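Those sequence lines, one after another, are chains Z and S.
Residues 1 to 207 in this note's numbering are what the first sequence spells out, letter by letter.
Residues 1 to 693 in this note's numbering are what the second sequence spells out, letter by letter.
Among the hints, a few may not be true.
Covered stretches of chain S (in silico footprint by chain Z; criterion: 3 or more residues with CB under 8 Å from a CB of chain Z, positions within the stretch not fixed) [to be verified]: (1) 100-109; (2) 379-389; (3) 509-521.
Residues of chain S clear of chain Z, computed beta-carbon distances all greater than 10 Å [unchecked claim]: (4) His80; (5) Thr113; (6) Leu135; (7) Gly155; (8) Asp257; (9) Leu322; (10) Ile415; (11) Thr417; (12) Gly501; (13) Gly524; (14) Glu530; (15) Val532; (16) Asp647; (17) Glu669.
Below, simulated DSSO-like cross-link-like pairs (lysine-lysine); rule was C-alpha separation at most 27 Å, straight line [stated by the list, open to error]: (18) S/Lys651 x S/Lys381; (19) S/Lys315 x S/Lys481; (20) S/Lys581 x S/Lys676; (21) S/Lys381 x S/Lys481; (22) Z/Lys107 x S/Lys84; (23) S/Lys84 x Z/Lys172.
Worth flagging that the hints you see were computed from the coordinates, not collected in a lab.
Given the structure is predicted, the values throughout are model-derived calculations rather than measurements.
Glycine included, C-beta positions come from ideal geometry on N, C-alpha and C.
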Amino acid sequence: MTLTEVQKDAVAELVNIAFSRTAAALSELTGNRVELTVPEVSAHPINGLLAALGRFARGDVATVHQIFGGPVSGDAFLVLDVEGASRLVDLLTDAGAPTRQMGSSDKEVLAEVGNILLNACLGVFGDLLEVRFTFAVPRLHLEALGSMLGSLVIDNDELRHALLVGARFRVKASEVTGCMVLVLGVTSLDIFVRTIEEWAERIESQS
Amino acid sequence: MGLSGSILDQLDQIGDWGLLATDADLIVTRWNRWLEQRSGLAATEVVGRALFDLFPDLLTRRIDRYYHQVLAGQTAILSHRFHKYVIQLPVADASGQTHLQQTSRIVPLLDGTTVCGTLTLIEDVTERVAYEAELRSRVHQQSALAAAARSALGGHDTVDVARDVARHIRETLDADFVEVLELSPDLNSWNCLAASGWPGPTVRTFETTSAARVKSVLVSDNTVTAVELSPDQLAEDSYLRSHGVVDGLIFPIPGRDRPFGFLGVYARSHRRFPPAELLFAQASADVLGVAAERKRLERELQLRVDDLADMDRRKDEFLAMLAHELRNPLAPVQNGLHILRVQHNANPEVNRLAEMMSRQVSHLVRLVDDLLDVSRITQGKVVLRNETVDLNEVVAQATETARPLIDARRQELSINTGREPIVVHADASRLAQVIGNLLNNAIKYTDEGGRIWLQTRREGDKAVVSVRDTGAGIAAEMLPKVFDLFTQVDRTLDRAKGGLGVGLTLVRSLVELHGGTVHASSPGPGRGSEFVIQLPAAPRTAGVGAKAGEPKSVPLPSSPCRILIVDDNVDAADSLAMLLKFSGHQTWTAYRGPAALELVARHRPQVILLDIGLPGMDGYEVARQLRSDPMGSVVTLVALTGYGQDDDRRKTHDAGFDYHFVKPIQPNELLALLAKIECVRPASRLDSSIASV
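Isolated chain S, as found in the complex:
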């Protein structure tokens, strides 16, 4: 199955290949024109001569084995990858190859069935080899670039990205050395981020700006791409010279206002870098620039975030302090108003004024409470006391609280709660606060004579409360912001309506703490609005726990108590003493801890209303000293404090207090407490005057 000689002529005509034929003794019988042109050897110089005499390297390269195999009747395939060429033929072209790259077949020539010679068919694959090498290189470059981009965009450390880039560049471009240097902010020194191929430890920091390669980057701007180092520049650069570098390229790494640094690619022999390789190296430098800029932005962002967090924390602390301080003056005002109403309830003018002032103080108290609440919620200090409650009962309680205001504004409130209870797992008082806030908003923003609808319903596993009004409405662009802190729909409008812009923020925060959502909608300004709360509903079979809130009760007249009031706020202490005195109790006041202890020893009060925040000896210390005395063990201690969290109550309890009231104390609540305490008049005669120290 070899080839007959007559086919040779046809093969020579139809293809662009070298044809070398021999006889069975491996004497050359044919040397075609293709081979003549490429070898410079005419056929007359070759035909008739022994193959291995003409080309002795066939023996040293052991190609002779293939010829003998062919003479035995087999064929031989000599691929380019293993052999490079069969017959050495010179070529010098852009591919950089010095010999023609060949792939060959050697087949038997047959005379009938007898092998009478060999035919070597040679194909020039020089271009193909160069093309395949470039293709492989491109694929490699693309992979390296993609990997570097992934690292850069993935937020990897700049040094790690630089290290990978340096290694890839050196492997892909077959360079001897690669370095990545970063320019210092003062433009006076360089830091080596990564180095590949250098023997021994690499210099980490260059102080000098005189080295040719670093100078070339300093004088460039971000628009300059590859800079080829001239022989003079290389000669100047002692560091490169000491490593035998004779050729090099500098690629500035782009930075924000100036180059971040540069990528240096160096060779110890003269070479050219084809355009594709330049593009790859520049793209790698650009990726490094992206990585560095990303890390810089990350650091800047973190600083800003830290600053914002700090400001936020300071704001919360300020709000807490502000609310706390605002409470102090309210106590004596409330007490004074209560006294006025009790003492002058026959005078309609005084009564009316006192009621009006009470409403405003209550409003102020509510504002301060809301401010304090929102501050505590944002600091995560609010803990819900959840229990199973009937949503409809909470609604009823909130509605009752809002009723006076609705009536005053002659608005119509329609309530639709259905007959079946809607059980939720919630903090009843907080839920009442939420619904109350929504109602108050509806009342506030609806004109006199307007309408408000409040509905509760169960939708699947959700309990829904909706408050709708015919009021001022909300513009579409404001809807997403109505729940934000301190946001008010219209400043000019709201200044007339008052408020801090805190109520809806509280609503959202408290609803979300309950695992629910609140949503606002409005057809537009002047067309009313609707707020819908959704809460997880308890299963229909769940029973309702304690009733939400406690029923209001009117304090019953009690037996008079002997009461000591201790508060460093003179007006608060005196006004409270006056209020209690008008209610039939016997009172003394003290404004400091030591004076209080003295009065206790002298007058043996039954009840002590003790402010915690006394200067010097605080309320806790007074309480501890009182309880350590046998006579002080029977007195009822009531803490008066601006703090009402569980921790605060625990502290007062541990200090020996029996009750804990949050300032400003509501007169009716205090009177109700005193009514509960059975004050027995002691045997000794008591001094009924108010003593001040």
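Pulled out of the complex, with its shape left as it was, chain Z reads as follows:
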């Protein structure tokens, strides 16, 4: 399925609200000025996600995965390639020279960052849909991109789609790019997109 330009803009605007809350939280947490922006929004069937994700991450990836439930349910991911994830952690924690491997502490930092970001985004969507989501504890995975996507398809009969939102972190004049992925069943996606459209029309009529 594809999103219209109006729909993309609406999603981007909503996510930007969430991202600005995330950036504020990270800025306060780290003592460094953090900027977070949305470079692009797109929608893909699940079997086309690998190619789409390839623009943001290659090879081994670090993924913060959060299952959410409610009227709209699915999986939310923050995806960064491992090098980018290490760099982001080092920038946020003032670690100095970047380390090549992610240690336990680094993984925890990434899990916290991902948790803040995903909670903020799902929170915004929850406010929009006027529902309360339920969230599982986020999990961090380090694995090849293909394996991560493979786990999304297994044991899932319903045709699923993914909303892919680029995420660009800017800390201390350095940039790290990753993406947020919302994987939804077709029913959930339909509700989600319709709600966003209505919101966008509402906003437009008010302005």
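Once you have looked at the hints, place chain S on chain Z.
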């Protein structure tokens, strides 16, 4: 998706973590044993009380936001890196931490789908944090050490290496001050090579040996490693005291016979340096020692190289002077021999003796020429006059020159040159010299009646000359050295065969100047040897230029010339005059420039053989004065000199000479020249006596 209360019991049993549960009003409902043990607070003191009343710092640290987020249904992750801990729990252990380092999850507790409380799950990561910090420190230390080693081995300046080491040590060990001091050779003063962390300018030179830290190094030897400064020593050291130093370590930097200096690491608060940090600092001091020693060796090597170059240059100058001086006595000897042979050719005894002496003089001339050549080649003063020549013709010329010696030793020379010319771009006379030297060696080192093979061939783009013999052979260990200057295979053997050990050096030098190679091989002593020269061959289509060398010609009788000989070597001048007189010419001699000019004015010679190296007024000046006189403009001036390079010939030409001969002049060459000059007898009557001044 939070946790139901019944799971809490299971969690408490299966894991080693703190469990803090609250209700929806954030009143503590559970405080497990793990927390009791670490906080010193019994559950009975905590359960039923408001979380933020118990731990007000949660509010000041704004952790309360996470609890409210969880009550809204989300989860919170509190990593150690950002938060250090959730609940402040004391600990004092070797890690140096005063509070338990924690990572936590805060999740909603659910009653059905309703959030009814929170659960904080706390994990102790104190050890892990300490371990990760040490690991990072080790990695940092290794990188710093590797960088310092690279600088040291890369020959960087000692001060630069010291500066890098001081900075790395201070950063890695978190020290307040670091210094690198170098001990002066007289052991009385110290020079500060590098300093890190000190405020303001650092003292560059310490004259005193009384400071505690420098004393401790003076009394140590190279085997002593880290020295911890005692409080008394620190109290004595006014420099350190003035900077508030209360703890310090000295690491001697190893030197050749005594410490090179030391690395000082100081702190303004009491601290311990773990073993790993001591090792790192000592390794850094060792690297500094390597860097300093390397620079010292470099300087020493350069001095030696300079000395060797100087000696080499003096040797070359000596050889040039020696060869030049040796030439002077040869001229009159050659002239005398020529006269003897011309005047007494009917007397077989005299003839035989004269021929024998001529051969020996020729041999001596060749030795001196070789000596001079090798000296000029090593000084880069030889310039090849290359042209396209047929290698086979050069071989023929060299063979012809060697033929008398081969015949005298009844040796058999087989020549295989093929029918097609082998064209090379070479200096024909130098190439003939090379092949001649190889042939002479083969002749010399092969017994009478032995065999010598000389072959030329083309191999691809190479022209190859090989000289093989059945002679004395060369031992394997000598093969690599046969081309070295003054090397001879066997001194006792060679003393009988003569020679200076210069010939093969010349061969190699001249072949290499032509862009070729020469290689010696031998099955062993007594089993002959082979020398193979490879030269770049010209394309097969290249034509051959002027014939190599000039054909020998017998001087034809000429009309008698009126000749003035000027040379400060009385024997050389007189013997040459005698030789020319016996050849029918009229001669006068002078031994100085002014006398020569006088004789010219008086006798108007047609040819003047003029030595350049006259004392006082030299040959150039005599020539210039002669040419400035109208009467002197028609005389043929022949320069006689020991120098035959292009520059020398240019100088004589510019001074007005018509011909340039290198001493000792070959009688036949001079007679051939005189035959070319058409000497017309002047109208006035001439004095035929020899006049001496």
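Notebook entry, point to check: Out of the numbered hints, which ones does the structure contradict?
Noted result: Going through the list in order, the structure violates hints 2, 3, 4, 5, 6 and respects the others.
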